[in-house]
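Asks: Modelling step: build the complete structure from the supplied sequences, incorporating the hints.
If you're matching them up, the sequences are chains A and B in order. Its first residue numbered 75, the first sequence is counted upward by one per residue in our numbering. Its first residue numbered 75, the second sequence is counted upward by one per residue in our numbering.
Note that these hints are calculated values from the structure, not bench results. Watch out, some of these pointers could steer you wrong.
Since the list can't tell identical chains apart, any single copy or any two copies may satisfy a pair.
Claimed, not checked - The calculated SDA-like cross-link candidates involving lysine to any residue, where the alpha carbons are at most 25 Å apart (straight line), are:
{"hint": "1", "residue 1": "LYS116", "residue 2": "GLU216"}
{"hint": "2", "residue 1": "LYS271", "residue 2": "GLY234"}
{"hint": "3", "residue 1": "LYS271", "residue 2": "ARG94"}
{"hint": "4", "residue 1": "LYS271", "residue 2": "ASN124"}
{"hint": "5", "residue 1": "LYS271", "residue 2": "PRO119"}
{"hint": "6", "residue 1": "LYS116", "residue 2": "GLU206"}
{"hint": "7", "residue 1": "LYS116", "residue 2": "ASP93"}
{"hint": "8", "residue 1": "LYS116", "residue 2": "VAL81"}
{"hint": "9", "residue 1": "LYS116", "residue 2": "PRO246"}
{"hint": "10", "residue 1": "LYS116", "residue 2": "SER77"}
{"hint": "11", "residue 1": "LYS116", "residue 2": "GLN278"}
{"hint": "12", "residue 1": "LYS116", "residue 2": "ALA221"}
{"hint": "13", "residue 1": "LYS116", "residue 2": "ARG76"}
{"hint": "14", "residue 1": "LYS116", "residue 2": "GLY79"}
{"hint": "15", "residue 1": "LYS271", "residue 2": "GLU216"}
{"hint": "16", "residue 1": "LYS271", "residue 2": "THR123"}
There are 2 protein chains.
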Amino acid sequence: MRSYGQVCGVAKGLDLIGDRWTLLIVRELLIRDACRYTDLRKGLPGIATNLLAQRLRELEQAGIVLTEQAPPPVATTLFRLTEHGRALEPVLKAIGDWARPQLAEVDEGDTFQTHWLVLPLRFYGEDAEPDEPSVRIQLDTEDEPLAIEAGGGSVTARVGRLADPDLVLTGPARPIGRLVLGRVDLDEARTLGVEAKGEVTALQRLNVRAPPGG
Amino acid sequence: MRSYGQVCGVAKGLDLIGDRWTLLIVRELLIRDACRYTDLRKGLPGIATNLLAQRLRELEQAGIVLTEQAPPPVATTLFRLTEHGRALEPVLKAIGDWARPQLAEVDEGDTFQTHWLVLPLRFYGEDAEPDEPSVRIQLDTEDEPLAIEAGGGSVTARVGRLADPDLVLTGPARPIGRLVLGRVDLDEARTLGVEAKGEVTALQRLNVRAPPGG
DNA sequence: CCGGATCCCCAGGGATACTG
DNA sequence: CAGTATCCCTGGGGATCCGG
Chain A
75 MRSYGQVCGV AKGLDLIGDR WTLLIVRELL IRDACRYTDL RKGLPGIATN
125 LLAQRLRELE QAGIVLTEQA PPPVATTLFR LTEHGRALEP VLKAIGDWAR
175 PQLAEVDEGD TFQTHWLVLP LRFYGEDAEP DEPSVRIQLD TEDEPLAIEA
225 GGGSVTARVG RLADPDLVLT GPARPIGRLV LGRVDLDEAR TLGVEAKGEV
275 TALQRLNVRA PPGG
Chain B
75 MRSYGQVCGV AKGLDLIGDR WTLLIVRELL IRDACRYTDL RKGLPGIATN
125 LLAQRLRELE QAGIVLTEQA PPPVATTLFR LTEHGRALEP VLKAIGDWAR
175 PQLAEVDEGD TFQTHWLVLP LRFYGEDAEP DEPSVRIQLD TEDEPLAIEA
225 GGGSVTARVG RLADPDLVLT GPARPIGRLV LGRVDLDEAR TLGVEAKGEV
275 TALQRLNVRA PPGG
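Replies: Laid out in structure tokens, this is it:
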């Protein structure tokens, strides 16, 4: 990117992360930790492949991303955030906090992927019953499976599959996302095609609060 | 800007504020409150005038900026942030926090303007002696005058001139900025061309702390 | 299949001139 | 003062192709 050439923290920051797609690449890496090139492409629908490669080079040069060679039998390049890169999480959180109202006006053509639930759950998720034993919820949608665990007062979510979940939610990604974030209840989600198998009360443990000021 | 088309708070936010120059326009409006078109242009060296006009239109349409007609004898258009626009301050703060280290590597061609001190003073400034009577410091550089006041534990700064300052700092903008932010002491600043007239101990009242995690 | 590189085309940004 | 109009050029979108 062309530098703004200003002695100002905001301008200097935007020199590094102000380019199109850059912060969304960081988002994907915050969600997935270590990440293949193809994972990034799938999580960034519409990005041109040359652009992704160029951004990754720039991010590596800026000390935000580092690459490593995975050992066989994987034998592929993995991309990962440096500590300086992980320090961008508050920036993404601030943008997300601010944009919460905009999230209501979702366009019909907008895409949704299940793993995008990870950051909102990390930022706003609480365990409603901290003293109860923890519960595990498995999301099974058309794209990647997501594993959610609530216990000890906090909520964690990651891409992948749980060994023995208390509750499995199967169906289209969008309604499952709205159910997990507490925007619809289970009855309404069922009419939208969501199937729940197991301990449905586990959903009560997920408490997703509103961002500050929203 | 072209929308990312993703059901994700970060992406939705970037749809509105991810364009080049946009957040720097917001920065200028956070510094100055009400602002003429020409003030914005001076504070954004290098921006194309058509681009500034276009961004202001987009920001107004997004409910971030509003325009008002100043009454005579000023008789000009003023730009101001809406409440939704002022809510972007934490986003700028998060970027500034993150970019603090980058601010050390300033290029020689980079420009600096005195009023850019307002946000760092607002974010990181503390009054070192909350119980003492407040002090007023006037900055007089080649560009606009800046008025700083420290008292009651906090620091405020705004563009403009004080009636009877306790201390007046005159000289080139860059060294004055570094002095106010505590990056050089008064002796070193003097060798860089800064003149101090009045109660020089007033500078001790300014305490500019480091951002979280930096 | 993974990790890109290459090519073409268009939209968005930069610089300058001009106008109500 | 507050923009519009214009021209040019770079950066981004989209597709295809290529080496490992």
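Asks: Hint by hint, say whether it matches the structure.
Replies: The hints, checked one at a time:
1. LYS116 with GLU216: Classified as within: same-chain Cα gap 13 Å, cross-chain 51 Å, threshold 25 Å.
2. LYS271 with GLY234: within (18 Å within a copy, 66 Å between copies)
3. LYS271 with ARG94: For LYS271 and ARG94, neither the intra-copy (41 Å) nor the inter-copy (47 Å) Cα distance is at most 25 Å.
4. LYS271 with ASN124: neither (43 Å within a copy, 57 Å between copies)
5. LYS271 with PRO119: Result: close neither inside a copy nor across copies, 31 Å intra and 60 Å inter.
6. LYS116 with GLU206: This pair counts as neither: shortest intra-copy Cα distance 37 Å, inter-copy 59 Å.
7. LYS116 with ASP93: Result: close both inside a copy and across copies, 20 Å intra and 23 Å inter.
8. LYS116 with VAL81: between (37 Å within a copy, 15 Å between copies)
9. LYS116 with PRO246: within (18 Å within a copy, 51 Å between copies)
10. LYS116 with SER77: between (29 Å within a copy, 17 Å between copies)
11. LYS116 with GLN278: Answer is neither: 31 Å inside a copy and 54 Å across each miss the 25 Å cutoff.
12. LYS116 with ALA221: So LYS116 and ALA221 pass the 25 Å test inside one copy only (19 Å; across, 51 Å).
13. LYS116 with ARG76: Classified as between: cross-chain Cα gap 19 Å, same-chain 28 Å, threshold 25 Å.
14. LYS116 with GLY79: between (34 Å within a copy, 14 Å between copies)
15. LYS271 with GLU216: within (17 Å within a copy, 70 Å between copies)
16. LYS271 with THR123: Intra 39 Å, inter 59 Å, cutoff 25 Å: neither.
Checked against the numbered hints given earlier, this structure breaks hints 3, 4, 5, 6, 11 and 16; the rest are met.
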